[in-house]
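Taken in order, these protein sequences are the chains called A and B. Under the numbering used here, the residues of the first sequence are numbered 174 to 300, in order. Under the numbering used here, the residues of the second sequence are numbered 2 to 367, in order.
Read the hints as simulated data drawn from the structure, not as lab findings. Be a bit skeptical, because a hint or two may be false.
Unchecked claim - Simulated crosslink set (DSS-like; lysine-lysine; CA at most 30 angstroms straight-line):
(1) K287(B) x K214(B)
(2) K349(B) x K225(A)
(3) K190(A) x K353(B)
Unchecked claim - Chain A side only, calculated, beta carbon under 8 angstroms to chain B, not exhaustive:
(4) G209
(5) D210
(6) V212
(7) A231
(8) E233
(9) K236
(10) A238
(11) Y242
(12) I250
Computed from a predicted model, the values in this text were never measured in an experiment. No residue lacks a Cβ here, since even glycine has one placed at the ideal position from N, Cα and C.
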Amino acid sequence: MKVLKDLYYTNDHEWVKIEGGEAYIGITDFAQHNLGDIVYVELPEIDDEFDKEEAFSAVESVKAASDVYLPLSGKVIAVNEALIDDPALLNSDPYENWIAKFEVNDRSQIDELMTSEEYEKLLAEEE
Amino acid sequence: MDAKKTPLYDEHLRLGGKIVDYAGWALPVQYEGQGLVVEHEAVRNTAGLFDVSHMGEIKVTGKESTKFLDFLLTNDISKMVDAQIIYTFMAYETGGVVDDLLVYKFGDEDYLLVVNAANVCKDFDWILKQKGKFDVAIDNISDEIGEVALQGPLAQEILQKLTNYDLNDVKFFHLANDVDINGVKCLISRTGYTGEDGFEIYTDNQGIVKVWKDILESGKEEGIKPTGLGCRDTLRFEAALPLYGHEISQDINPLEGDFKFFVKLKKDSNFIGKEALNKYYNDGMKRKLVGFELTERGIPREGYEVYKDGERIGHVTTGYLSPTLKKNIGNALIDIRYAKLGEQIDIKIRNKYVKAKIIDRKFLKK
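Next up, chain A with everything else stripped away, as it sits in the complex (with noise of 0.2 angstroms):
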């Protein structure tokens, strides 16, 4: 499973990327072989605002639909228009195509979120 080092990561298998006072959220690579074949994501509405840990989009295969959790409560500035007419770029590749953008409320929960090594192990005790 493919995890990249300068991303953070949460128990729920979301990457988020930190930049300055904004947050890039996707799913990771063991999330999208899970779900199978990506059929349909759900965007949240620019300017929508979420609480830590709540569902901010959802994504579905065939068979079953997954919520989408934000880690850190924060404010929707950009979605990710091309997962409309092309979910399975989730599955191509999870990493370069982000769901949602936030502007990011309280800056300390970052220092809660999961480096790329815990991540990794929490990998090695799924499997």
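Got chain A; can you put chain B on it based on the hints?
Leaving out everything else, chain B in the frame of chain A:
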């Protein structure tokens, strides 16, 4: 995993099956390198092979077999001929469904019931309880039988290579017993749960492994694929076939589910549930199972609520992005007042109300 293993478990591992617990059985939801959509398309275009050894088989034999089954089941058993198979419900006195099943007739005193894996124990107990003074013997032989389902337009071509028995002689919903499939004696039937042509093949737990391997080998040039539980559900859903616990259940009677054809209210014999079902039929149903298609973006799924003008009117019993039709469709059990073709309804997907319209439930009909 605590789940029970079918005789084909090692085969599923060998083929890269992603094993899940289904009704207490360890079975593949799909296979590595393929996936649900590829497997679904194989069944529609060439052939797929399902391990269905988890299904239950209950023998009903003895002098009053026909009479007993006519009492136990909603369809008309007395009209069956030898080697015929029918689909029927087994109902509670309330008209709700104990299970849906196939009845294989070998003779007036010799029947085999094939029941859902999730309901085997419940069904067997129920049948024993209903036996009363009928002169019949009831045997649960589920653990002794392995079963596979070969389904798809090329199913007959693939199976014919393995037997001298002319498969053209096995008509739809008929059986042939003691058929030699490459050295293994099998019961075969032209039945299935996919909406395609195909065969269900039964034999003992050792023989079924050879049959599975031989069919996969025989079907290589036709492009056969082992197929899992994932596509089993999407295929039967597209073909308008019910799944117990979804379109029919203890709380959803077959008349609501639009399956009146298999409930012979006019048959001579009394049957369990006849009185209640007659009453529903005469008083008029309050709910109806309908098909629907989303007219806005989204995927409908089982359990999602159905609304009309802000009022909850029912729920989705099964829903998918249909792999064959490539549309977002579903079945819903709703207040009968809104069950008209073309009616606009709303499906609640997470916290959004997504527009849908009611369509014919026979999704594959051209």
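Right, here's what the structure says about each hint:
no., hint, verdict
1, K287(B) x K214(B), "violated (49 angstroms)"
2, K349(B) x K225(A), "holds (24 angstroms)"
3, K190(A) x K353(B), "holds (28 angstroms)"
4, G209, "holds (5 angstroms)"
5, D210, "holds (6 angstroms)"
6, V212, "holds (5 angstroms)"
7, A231, "holds (6 angstroms)"
8, E233, "holds (5 angstroms)"
9, K236, "holds (5 angstroms)"
10, A238, "holds (6 angstroms)"
11, Y242, "violated (13 angstroms)"
12, I250, "violated (21 angstroms)"
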